Every structure is written in structure tokens, then in C-alpha cells.
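A.B. asks: Sequence:
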Amino acid sequence: MHLTGATVRENVTSGVLRMQKLLPVLIVSCRPENRKSLLKVFDGLPLNTYCASNLVQAREVLSKHRPAVVFCEERLSDGSYRELLSSVHASSPKLRFVVMLCTGEWEEYLEALHLGAAEVIRCPLEPTDIDMALIHTMHDNGALTWNAPAQDDQTLVDRV
Numbered sequence: 325m326h327l328t329g330a331t332v333r334e335n336v337t338s339g340v341l342r343m344q345k346l347l348p349v350l351i352v353s354c355r356p357e358n359r360k361s362l363l364k365v366f367d368g369l370p371l372n373t374y375c376a377s378n379l380v381q382a383r384e385v386l387s388k389h390r391p392a393v394v395f396c397e398e399r400l401s402d403g404s405y406r407e408l409l410s411s412v413h414a415s416s417p418k419l420r421f422v423v424m425l426c427t428g429e430w431e432e433y434l435e436a437l438h439l440g441a442a443e444v445i446r447c448p449l450e451p452t453d454i455d456m457a458l459i460h461t462m463h464d465n466g467a468l469t470w471n472a473p474a475q476d477d478q479t480l481v482d483r484v
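So the working numbering is basically just the index in the sequence shown, starting at one, shifted up by 324.
Because the hints were derived from the structure by calculation, they are not lab data.
All of these numbers come straight from a predicted model, not from anything done at the bench.
Idealized CB from N, CA, C, for every residue including glycine.
Among these hints, one or two may not hold up.
Said to hold, decoys possible - Heads up, simulated DSBU-like pairs for lysine-lysine below, C-alpha to C-alpha not over 35 Å straight-line:
hint, residue 1, residue 2
1, Lys364, Lys418
2, Lys388, Lys418
3, Lys388, Lys360
4, Lys418, Lys360
5, Lys388, Lys364
To be verified - Distance ranges between label pairs, derived from CB positions:
hint, residue 1, residue 2, range
6, Gly466, Asp402, 32 to 42 Å
7, Glu429, Glu334, 13 to 23 Å
8, Glu429, His460, 21 to 31 Å
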């Protein structure tokens with residue numbers, strides 16, 4: 325099975341992908357352009373999105389909600405992703421954490437993965453990178469199923 329559209333939204337709309345449940349997402353970003361890019365990709369999807377612009381707000385959201393994924397910039401006004409990643413993994417080791425790397429430094433990329441980030445995506449954010457992070461999150465959370473066309477089902481029956 326392969327995707328027919330360019331985005332998760334197109335594949336959900338066309339019926340190739342089916343989201344089984346509402347997926348909570350936390351965006352931690354002090355840069356409006358990153359928040360806007362993420363929200364544009366998320367628009368129309370069954371996501372419950374929370375936004376925070378610093379660590380204090382992010383921790384407040386995390387204390388009240390259980391997101392399936394956190395998208396966090398590497399540097400915030402009151403700290404860095406490292407502090408949030410550490411506390412997130414201490415309380416919810418399976419929560420996916422995606423670092424948005426705006427510096428472009430290779431060492432930062434490797435460090436984020438070493439510290440336990442599930443993925444690192446580079447700024448400026450590309451819709452395809454955001455889509456892949458969402459697909460991985462939905463798959464890991466059992467929120468995503470593939471809808472095989474009827475003819476593929478029949479072909480499989482014929483082969484058996």
C-alpha cells in the first residue's frame with residue numbers, strides 16, 4: 325500500500341489512511357513561522373493541538389494533558405528542548421518527541437537523537453517532514469490504519 329496524495333490530510337480525505345482516534349499534539353515554539361507551518365499541516369486532521377511558547381507553558385500543558393507527540397524547537401526563551409525532553413521521558417517514556425532544529429548544526433541533530441528524540445526535523449519546516457513525523461506518531465499510537473482498495477483484497481484472496 326502506498327500513499328496517493330502529497331500530505332497526510334489528502335490521504336485521510338481520500339480514504340487511503342484512516343485515523344482511529346483523536347490525536348493530541350503539543351507544539352512548543354517561540355517562532356511564529358514554525359507554529360504556522362505545523363498548524364497548516366495539522367489543519368483538517370483529527371488532532372487536538374496545544375501550543376506553548378516556552379518551557380513553563382509546555383510543562384503546564386503536559387501537567388493537564390497527555391499528548392501523543394511533542395514538537396519542540398531546540399532553543400526557547402527560557403531554556404532548550406533538552407530540559408523538556410528529560411522531564412517528558414521521566415514521566416512518559418513512550419511519548420514521541422520531535423525536535424525542530426533551527427540552527428542547522430549537525431552536532432545538535434546527533435545530540436537530540438542521542439538524548440532520546442524520536443525525530444529531528446530541520447527549519448525551515450517542510451510539510452513532508454511534518455507529515456512523516458505525524459505518520460510515525462499515528463502508527464505508534466494505533467491511530468492509523470491503511471484502507472486497502474477492494475481489488476487488492478480480492479487479489480490477495482486469489483493468491484491464497
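A.B. asks: A separate judgement is required for each hint: does it hold in the structure or not?
C.D. replies: Structure-based check of each hint:
Taking the CA atoms of lysine 364 and lysine 418, the gap is near 26 Å; set against the 35 Å cutoff, the hint holds. Simply put, lysine 388 and lysine 418 have alpha-carbon atoms about 17 Å apart, close enough for the 35 Å limit, and the pair holds. Distance hint between lysine 388 and lysine 360 is fulfilled; the C-alpha atoms sit about 24 Å from each other, no more than 35 Å. For the hint pairing lysine 418 with lysine 360, the CA-to-CA distance comes to about 26 Å; that is within 35 Å, so the pair holds.
For the hint pairing lysine 388 with lysine 364, the CA-to-CA distance comes to about 25 Å; that is within 35 Å, so the pair holds. Range check, glycine 466 to aspartate 402: about 34 Å between beta-carbon atoms, so the 32 to 42 Å window is met. For glutamate 429 paired with glutamate 334, a C-beta distance near 33 Å fails the hint of 13 to 23 Å. Checked against the hint of 21 to 31 Å, the C-beta distance between glutamate 429 and histidine 460 comes to roughly 23 Å, which is consistent with it.
Of the numbered hints given earlier, the model fails hint 7 alone.
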